[in-house]
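6 protein chains.
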Amino acid sequence: MTAPTDRAAILIEALPYIRRFHGATVVVKYGGNALAGSEVASFAEDVVLLHSVGIKPVVVHGGGPQIGELLDRLGMQSEFRDGLRVTDAETLDVARMVLVGKVNRDIVSAMNVHGPIAVGLSGEDAKLITAAPHSVELGFVGTVLAVDPSILRRLLAEDLVPVVATIGADETGQAYNINADTVAGAIAASLDAEKLVFLSDVEGVREDPSDASSCIRRLSADRLAELLESGRAAGGMIPKAEACVRAVRAGVRRAHILDGRIEHAILLELFTDGGIGTMVMP
Amino acid sequence: MTAPTDRAAILIEALPYIRRFHGATVVVKYGGNALAGSEVASFAEDVVLLHSVGIKPVVVHGGGPQIGELLDRLGMQSEFRDGLRVTDAETLDVARMVLVGKVNRDIVSAMNVHGPIAVGLSGEDAKLITAAPHSVELGFVGTVLAVDPSILRRLLAEDLVPVVATIGADETGQAYNINADTVAGAIAASLDAEKLVFLSDVEGVREDPSDASSCIRRLSADRLAELLESGRAAGGMIPKAEACVRAVRAGVRRAHILDGRIEHAILLELFTDGGIGTMVMP
Amino acid sequence: MTAPTDRAAILIEALPYIRRFHGATVVVKYGGNALAGSEVASFAEDVVLLHSVGIKPVVVHGGGPQIGELLDRLGMQSEFRDGLRVTDAETLDVARMVLVGKVNRDIVSAMNVHGPIAVGLSGEDAKLITAAPHSVELGFVGTVLAVDPSILRRLLAEDLVPVVATIGADETGQAYNINADTVAGAIAASLDAEKLVFLSDVEGVREDPSDASSCIRRLSADRLAELLESGRAAGGMIPKAEACVRAVRAGVRRAHILDGRIEHAILLELFTDGGIGTMVMP
Amino acid sequence: MTAPTDRAAILIEALPYIRRFHGATVVVKYGGNALAGSEVASFAEDVVLLHSVGIKPVVVHGGGPQIGELLDRLGMQSEFRDGLRVTDAETLDVARMVLVGKVNRDIVSAMNVHGPIAVGLSGEDAKLITAAPHSVELGFVGTVLAVDPSILRRLLAEDLVPVVATIGADETGQAYNINADTVAGAIAASLDAEKLVFLSDVEGVREDPSDASSCIRRLSADRLAELLESGRAAGGMIPKAEACVRAVRAGVRRAHILDGRIEHAILLELFTDGGIGTMVMP
Amino acid sequence: MTAPTDRAAILIEALPYIRRFHGATVVVKYGGNALAGSEVASFAEDVVLLHSVGIKPVVVHGGGPQIGELLDRLGMQSEFRDGLRVTDAETLDVARMVLVGKVNRDIVSAMNVHGPIAVGLSGEDAKLITAAPHSVELGFVGTVLAVDPSILRRLLAEDLVPVVATIGADETGQAYNINADTVAGAIAASLDAEKLVFLSDVEGVREDPSDASSCIRRLSADRLAELLESGRAAGGMIPKAEACVRAVRAGVRRAHILDGRIEHAILLELFTDGGIGTMVMP
Amino acid sequence: MTAPTDRAAILIEALPYIRRFHGATVVVKYGGNALAGSEVASFAEDVVLLHSVGIKPVVVHGGGPQIGELLDRLGMQSEFRDGLRVTDAETLDVARMVLVGKVNRDIVSAMNVHGPIAVGLSGEDAKLITAAPHSVELGFVGTVLAVDPSILRRLLAEDLVPVVATIGADETGQAYNINADTVAGAIAASLDAEKLVFLSDVEGVREDPSDASSCIRRLSADRLAELLESGRAAGGMIPKAEACVRAVRAGVRRAHILDGRIEHAILLELFTDGGIGTMVMP
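Chains as they are written, first to last, in the numbering used here: chain A, 1 to 282; chain B, 1 to 282; chain C, 1 to 282; chain D, 1 to 282; chain E, 1 to 282; chain F, 1 to 282.
Everything labelled a hint here was simulated from the structure, so no lab data went into it. Note that beta-carbon positions come from the ideal geometry of N, C-alpha and C, so glycine has one too. There may be inaccurate statements among the hints.
As the list claims (entries may be wrong) - Chain B is faced by these chain A residues, among others (derived, beta-carbon under 10 Å):
1. V100
2. N104
3. V119
4. L160
5. G173
6. I262
In isolation and in its complexed conformation, chain A is listed as follows (with noise of 0.2 Å):
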């Protein structure tokens, strides 16, 4: 057990960073791989507890492989091109439910165990997410054509956390199903964030991909592009990367891509003076 004189000096040294944080809104990418239950339980107590010391959170997540496993459960099999799902009106039925009914659910479920703090939103909601279809052949997969956040707001201003499904719709109400990544950069853009983080299972962006070793710990936005552009960020991380860049460059003033898998990864790259991951810069 940690003394009582290591007690005080921890919760001393997050004072500078609770005070520099309080009032400013903080948008978390929670994603799809780490939706087990007792990481949902964990990342929950994390969001609870920046919301109660005054940080105003915002969560966004996706839902890729439980979205899979119902298409797979139904029967309905999937094409890929580019490694998006070709997405018809019936798999987009099963994608709205999966992400709406069930991940935006057991995230706010997990959160309300500590009071009535969380919101689920999907971003049909109050017009928050307009969208525009990515391709023609990708049928209803969508990309962010307008954010509008005063749901956000007014929810932020009545001190709840708005956890939000990234689904979308068009000027007609045809419904998207949209890369989470891209969502929470454009969220956290409208919302002119402190912060954006994006809660990855790697433990950053690496100067060279193959070696987990070349983890960079901060970087500004302008050599993160450069990064991205000579090819060297691959697969997932690639949309988190360009999130990141167009974030910053909107005006959030940090993004992070931290290593989800590490417990209370959040807490320790907010409250302490090491801090964890990659920090994007201005």
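Place chains B, C, D, E and F on chain A using the hints.
Positioned in the frame of chain A, the structure of chains B, C, D, E and F alone reads:
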């Protein structure tokens, strides 16, 4: 086409009602039977009309048929006891996905075509509905233990229309599926609503259940309670009638059971001298 | 009697208009010719309807015929120059009594039968209208030097309907009688109103003044200015047309000249697809 | 000229009174007898002074002599019963024009020379005064059935000075002419005013009506009621004295009957140790 | 150095406490014995930490030793009766200069190094503390007659931390020096505080005054009152214990007597499961 | 005794000034020379009068003579350079105790006899005054680096009167003693004050320093700057004159140097046509 004089006459007949209900909270239960696409659009248009003239609607919906359909597709079979579906964890997951991720979404989208005004909620959001198990044998079928209408009041104060899927959660975060008629009544009571409106598929409460021409136009909550005790209400009418009795006794000014098959039934009930269906008064 | 379906259709046609004009300021000039008792009641009902659906009406009225009548009874004779009554101190006293103490009162009373919503004002109240003499020969006939809409904004913010008699005062407190059409336009501009509506006794602006069938349904402020310059507007239409041009150029979205002899002309103009009379646009 | 020390002394004597009455509502009844031009200007200046040091004045006025004058000019003859003018519809019209359109205007204008602070009201505005007939024989002479001070509170909250003409209306909108002393008392009671001040043309209430030197400086409402019952008040003093008794019994802290012929009588009463006239206390 | 897991664990242990005390008023009595420079800095840091996580601290301090020191330097001798210093006008002047002009300043300055958050107050400011003489013999030693917490509430509402020197004044403006423990209790009661915390130089209330190991961890106000009556509290513990009893009985939720010699004692008491010192409950 | 007419005349002369200065911020520098008991009471009464008629006074004071007195009693000797006292840590401690703990208290107490309106502040409170060393040789004598008027604005918004002792602190919390004339000017500029008033012990700025009859009634800031450059101001007048020039150039409407020996000098300056002393304009 209606003549100018008649047009003016209808607008003017509507005037005292529009004035009387300005700012009034009206809880509308929208049934799962009436969820084909065009009907949702028509229903959504009516709610948007109420909203645009200053009424504060709250929509509560079920979705039994849609849940049954997905269970069928997944090859999951349900046992029924006293007309209620025995609900294990997996069935609950399906029910929640359908209610929150499909039915709720369809209603919200249909309304938001008219502007950014609808926000979908589950009873789990911000601890809106605290549930308790209905009985041990039924598994995760719940009853309403408490309603905390804070999130509804906040959204109404922001001029938004809450659309509520009737999933509740207990203190540990465990979800339950709850009868939507019951939830509608409890929400109306918790909001001290002006009106509680059920859109059903019959013309109203009948003096003689087997005689469609015996529809009662207005009766007191006490008289309706007597009808219930005498066994003269049947099937799906029972939870609606019970909810009407409880809501009116708890302070709701008027409860209505309307024939949702008549297009724009709500508008005709609220804004014309005639009214339609059955009205329950204190 | 209109069928339920038609009733619903009319309510639904009105919906987008009611929504669009919610919260909008609409300045209505009500003419002195139309002040017989039953007409005032009908006009008042229309304004109360606008108010009850969230529109913010401001009524401006004149009262030339009524002034003439009292002058006659008092045996006071007036000289006219260019169609304007030469107004000495005693005549002004009579005009003020009639406008503020009779016409204004009749309109306010007719509205307040429906609830405590109308408040009568003279341009002297809270320095609403600062006047200057129109010309030396005309005595206390004034022009509008400045409008301070503070008192109007305060009353509108309290959900009240200001009814304005068009007496103004200069810095020394000296009162002047001002043309009501001109005042209506100046007030609409000062409030950045959505609409300025003149209730006249013709069907609208005519392409050919002598041809009642040449009524123009919509035209631009510039086109209307041309018509004025070319001398194709006559008599009482001139100050109305001039006020429309000035108001639209000053930012008022739409100005209308309607035929006040059609019952409920305002309702039909605002809430039906057809519209009536002449609409002036930027 | 007063010496600096004396000037300072007077300012300092006024200090505790200015502080005590800051924010206090003071209802002032201004009589029709005192409405010659220069007197109105002097009265208006006094009210503006009260307003400028944070007092919230409400002015109530009559105008009997002015009404009589216009009736004479129109050749209309009046019958009197118990000192009250029998008022038919035409007489009422004249009374209303004079009170609302002339006397009220003169007072408002005189105040607004000093800034945009006065707003004229009739008891018909926003249902300020609900009237009932005084008696069948007297026609449209009214009594006060109810006062709804909402519009007064709104204007006072906006730092404006309401000037009230004592016309009231019944539920059908029918207007009545009401004794101004009675209205002043009812308004003071409805506003829970600090003071009710009558500016009369005598030096105050007399112990002996025929002895000008028997003026009573201060007495209780009960004592004044006794004087009234014993018949020792006469003529115009009766409604004033009755209004004082009723207002003080309804919670008004102090009622005053001052000699309005003394210039700046209100200032001397409120801001100097001496006071003048008769003060009625609980 | 503490491991990441332990760091996270400590932050997470603190979570429910930080949430529970968010917005709570905590009155802290800081003793004169503990005013050496480094201790003030450490104490100030603790208070700033409480403030930064949303707690509303109010600091109350004495300064007996510092007063004695300046009296010595000035060659002024004091007589003591029942442990209280007989205080003539000159002694009071010295006490006030030391408390308000030195001790209060040192605490305020130490806090404001962290930001513009502390504001020094004397009980004379805005009539915070109305005092009465303690007894004739003691001169200007006062007791608390009344606390008007308005100024404290205003500063707390502005997110500032009041630091109160315990000088009070009577209605004539005459100042008195008052025991700081008593003032702290009275202020906590007047603010309906969540907690009253005494930082003393012993480990807490002892069952047996002579036995340091008999410290009581938690007891009721009634039990503490019994201990006081039985004479088992001694010296400086008496006013602290009395203040605890009175404050808890007046509605303060918890009163604590902590050992101020332990660094960061407040943090450990508030934010860890263990707690330290003696807690007094209703 | 002054006659009623004269009393009324004086009140009425004061009217336009009271109205003009309503809500205006007036910074008053009160000198250390004028701190004998009865004078403080008279000064306090004047400030309370200003406050009671809606002016927002801010009092700034020094206390040189009182500091010297306590240093003498403590046997501490001071060295002076260019008229400024070399201030070591111990001297600073004494200065701070005297200014904050004695002079400030005396002024606050004298005002609060009239009601809970004065709040004493040091420049250290809420970082009101950030100081820098004046010069190395003078030790803890400071100059004004920055003024953060937030705490003053907050107290003024709450209708309180701040009384400021002119101690400032640098970023490390180190305190400095600063010339009160300079601080008064800097505070007036930071508050965009209507007026800056110095109560001195001469009749005003002289054209010829040696000729008391050459007092200048009004001059521009530029003209005063010329007088300063030409060396025609002497002694304590220099910092006052410099502060006037700087404040007026920074936007303060008027600066005044009055003879504080005339009783109620502020009242006579503000509220009478004559005015007294020297007025500095842009």
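Evaluated hints:
Among the interface hints, the one on A:V100 holds; its C-beta lies about 4 Å from the nearest C-beta in chain B, closer than the 10 Å criterion. Interface hint status for A:N104: upheld, as the beta-carbon distance to the closest one in chain B is roughly 8 Å, under 10 Å. Nearest Cβ of chain B to the Cβ of A:V119: about 5 Å, under the 10 Å cut. The hint holds. Interface restraint check for A:L160: the shortest CB-CB distance to chain B comes to about 6 Å, inside 10 Å, so the restraint holds.
The criterion of a C-beta within 10 Å of any C-beta in chain B is met by A:G173, whose closest approach is roughly 4 Å, and the hint holds. With 10 Å as the threshold, the beta carbon of A:I262 stays out of range of chain B, its nearest partner Cβ sitting at about 24 Å, so the hint is violated.
Hint 6 from the list above is the single one not met by this structure.
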